[in-house]
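Spelled out from the first residue to the last, the chains are:
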Amino acid sequence: MRNARRLALCGCLAAGALILSFVESLLPLPLPVPGARLGLGNALVLLALLLLGVRAAAGVLAAKVLLSALLFGTPLSLLYAAVGGVLSLAAMALLRGRRSVSPIGQSVAGAVLHNLGQVLVACLLTGTPELFYYFTPLGLLAILTGGLSGLAAQLCAKRLRPLVLGGRT
Amino acid sequence: MKKGDFLLIALALLLALSPLLLRPGREAEGAAARAVVRKDGAVVAVLPLNEEAELPLNENGYNLLRVSGGAVCMAEADCPDGTCLRRGAVRRPGESIVCLPNRVTVVLEGSGGGVDAVTQ
Numbered sequence: 001m002r003n004a005r006r007l008a009l010c011g012c013l014a015a016g017a018l019i020l021s022f023v024e025s026l027l028p029l030p031l032p033v034p035g036a037r038l039g040l041g042n043a044l045v046l047l048a049l050l051l052l053g054v055r056a057a058a059g060v061l062a063a064k065v066l067l068s069a070l071l072f073g074t075p076l077s078l079l080y081a082a083v084g085g086v087l088s089l090a091a092m093a094l095l096r097g098r099r100s101v102s103p104i105g106q107s108v109a110g111a112v113l114h115n116l117g118q119v120l121v122a123c124l125l126t127g128t129p130e131l132f133y134y135f136t137p138l139g140l141l142a143i144l145t146g147g148l149s150g151l152a153a154q155l156c157a158k159r160l161r162p163l164v165l166g167g168r169t
Numbered sequence: 001m002k003k004g005d006f007l008l009i010a011l012a013l014l015l016a017l018s019p020l021l022l023r024p025g026r027e028a029e030g031a032a033a034r035a036v037v038r039k040d041g042a043v044v045a046v047l048p049l050n051e052e053a054e055l056p057l058n059e060n061g062y063n064l065l066r067v068s069g070g071a072v073c074m075a076e077a078d079c080p081d082g083t084c085l086r087r088g089a090v091r092r093p094g095e096s097i098v099c100l101p102n103r104v105t106v107v108l109e110g111s112g113g114g115v116d117a118v119t120q
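Chain order of the listed sequences is A and B.
Going by the working numbering, the first residue of the first sequence is number 1, and it counts up by one from there.
Going by the working numbering, the first residue of the second sequence is number 1, and it counts up by one from there.
Calculated from the structure, these hints are not laboratory results.
Among the hints, a few may not be true.
What the hints assert, rightly or not - Among the chain B residues that face chain A by a calculated CB cut under 7 angstroms, a handful are:
1) Lys2
2) Lys3
3) Gly4
4) Ala12
5) Ala16
6) Thr83
Said to hold, decoys possible - Cross-link-like lysine to any residue pairs, in silico, SDA-like; alpha carbons within 25 angstroms at most:
7) Lys2(B) to Cys156(A)
8) Lys3(B) to Leu144(A)
9) Lys2(B) to Arg159(A)
10) Lys158(A) to Leu40(A)
11) Lys158(A) to Lys3(B)
12) Lys3(B) to Ala90(A)
13) Lys3(B) to Arg159(A)
14) Lys2(B) to Leu52(A)
15) Lys2(B) to Ala93(A)
16) Lys158(A) to Ile19(A)
17) Lys3(B) to Leu87(A)
18) Lys3(B) to Cys156(A)
19) Lys2(B) to Arg96(A)
20) Lys158(A) to Arg2(A)
21) Lys2(B) to Leu87(A)
22) Lys2(B) to Val54(A)
23) Lys158(A) to Val54(A)
24) Lys2(B) to Leu160(A)
25) Lys3(B) to Val54(A)
26) Lys158(A) to Cys12(A)
27) Lys3(B) to Ala93(A)
28) Lys158(A) to Gly4(B)
29) Lys2(B) to Pro162(A)
30) Lys158(A) to Gly59(A)
31) Lys3(B) to Ser100(A)
32) Lys2(B) to Ser100(A)
33) Lys158(A) to Leu9(A)
34) Lys3(B) to Leu13(B)
35) Lys2(B) to Leu94(A)
36) Lys158(A) to Gly97(A)
37) Lys158(A) to Arg55(A)
38) Lys158(A) to Ser100(A)
Glycine included, each C-beta is placed from N, C-alpha and C at the ideal position.
So here's chain B without its partners, still in its complex pose:
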């Protein structure tokens, strides 16, 4: 290890922590209102979290999304890594579930704003 290594590691730490600055602020804490579901980059469903629901996605891989008790979880998936299943239930604005092999993403939003409110 040399001096430059520590500098690079410090820079890498800063870079890795930088997304935290973009996270939704404190007012976004609390319960999320809806889940935006995207498949292959297009929004395929917006599920309100106050209703129990199941959403199967069958094209290019199988996923079953379940809304229950104000939270969303991936109940079933045929992806090889199972990362989306391990993610468990999410309930806060800004949280997400991703199934990269099947190109499915689920992002939770708070009550205010439209589809992209969380990203601002």
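So that you can see chain A by itself, here it is in the shape it has in the complex:
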């Protein structure tokens, strides 16, 4: 019973992450910086990490990255999202369970590394090392958006935890 519950929640989180990615693709930020995004989908990857652990979070991430590239992306956007997503999840997973770090810090670290990965992919794909300068505005934006989505994940995790633990709902 508990496994079914976890699986269902995993699916809900993956669907939510996909929807947020879609909504985000409809609302491009009016910034002159390539690749600037809110990173809302990451809040649900973090939520999966907080509630269900690393393997579930990796599943949600994989579903989000693969499906959003398939539905509204390109093979190239898949590469960007995959590199950024893996780095981001690695950072968040490493910070998991540390008492002095809340989901907000986890999310900020994940968001900044996500952007670092994407900037490096852009430098390599375009053969233009100067693109690394864009990491400054992207990284600063990531601290802000990562902090907010971390807060969102923290608040959701608090309310959803009883559901995972199998209490009455």
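Since the structure of chain A is provided, determine the placement of chain B on it from the hints.
Frame of chain A; chain B shown alone:
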């Protein structure tokens, strides 16, 4: 928010600001001399900025680059995000215009050095 969060945010700030250390120095300020245009990672054109010019790029997406009055701007593009168009005109060494969907980059260079002088 906990103590470790502030530490992580401080680290993230430092990391985000680190590219500023690599930027071309003061002597590179002023007007740029040429624009290096790359498509799919290969240099396809080097445009001198003292000549008016238009460069259309048609393979794998359409972009029109315009050199005018010592500055470069992306005049037209068919990319979905339009980030390159919003970038406006650039004129200083080290500045760039990027169209990620069409894999086009334009980097401005000063008068000294070769293609990679700005990166050093």
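Is Lys158(A) within 25 angstroms of Gly97(A), Cα to Cα? 15 angstroms, holds
Taking the least C-beta to C-beta distance, is Thr83(B) closer than 7 angstroms to chain A? Result: holds, 5 angstroms to nearest chain A Cβ.
Please verify whether Lys2(B) and Ala93(A) have alpha carbons no more than 25 angstroms apart. Holds - the C-alpha atoms of Ala93(A) and Lys2(B) are around 17 angstroms apart, at most 25 angstroms.
For the pair supplied as a hint, Lys158(A) and Arg2(A), is the alpha-carbon distance within the 25 angstroms limit? 18 angstroms, holds
Hey, Lys2(B) versus Val54(A), does the alpha-carbon distance stay inside 25 angstroms? Distance ~22 angstroms between Lys2(B) and Val54(A) Cα, so the pair holds.
Hint check: Lys3(B) vs Ser100(A), CA-CA at most 25 angstroms. Holds or violated? 6 angstroms, holds
Closest C-beta approach of Lys3(B) to chain A relative to 7 angstroms, hint status: 5 angstroms, holds
Between Lys158(A) and Leu9(A), is the straight-line Cα distance small enough, at 25 angstroms or below? 15 angstroms, holds
Verify the proposed pairing of Lys158(A) with Gly4(B), using a straight-line Cα cut of 25 angstroms. Distance ~20 angstroms between Lys158(A) and Gly4(B) Cα, so the pair holds.
Quickly compare the C-alpha distance for Lys158(A) and Arg55(A) to 25 angstroms and report which way the hint goes. 20 angstroms, holds
Holds or violated: Lys2(B) to Arg159(A), with C-alpha atoms at most 25 angstroms apart: Holds: Lys2(B) and Arg159(A) sit about 20 angstroms apart, inside 25 angstroms.
Keeping to a limit of 25 angstroms between CA atoms, is the pair of Lys2(B) and Pro162(A) held or broken? Since the Cα atoms of Lys2(B) and Pro162(A) sit roughly 23 angstroms apart, the hinted pair holds (cutoff 25 angstroms).
Checked against the numbered hints given earlier, the structure satisfies every one of them.
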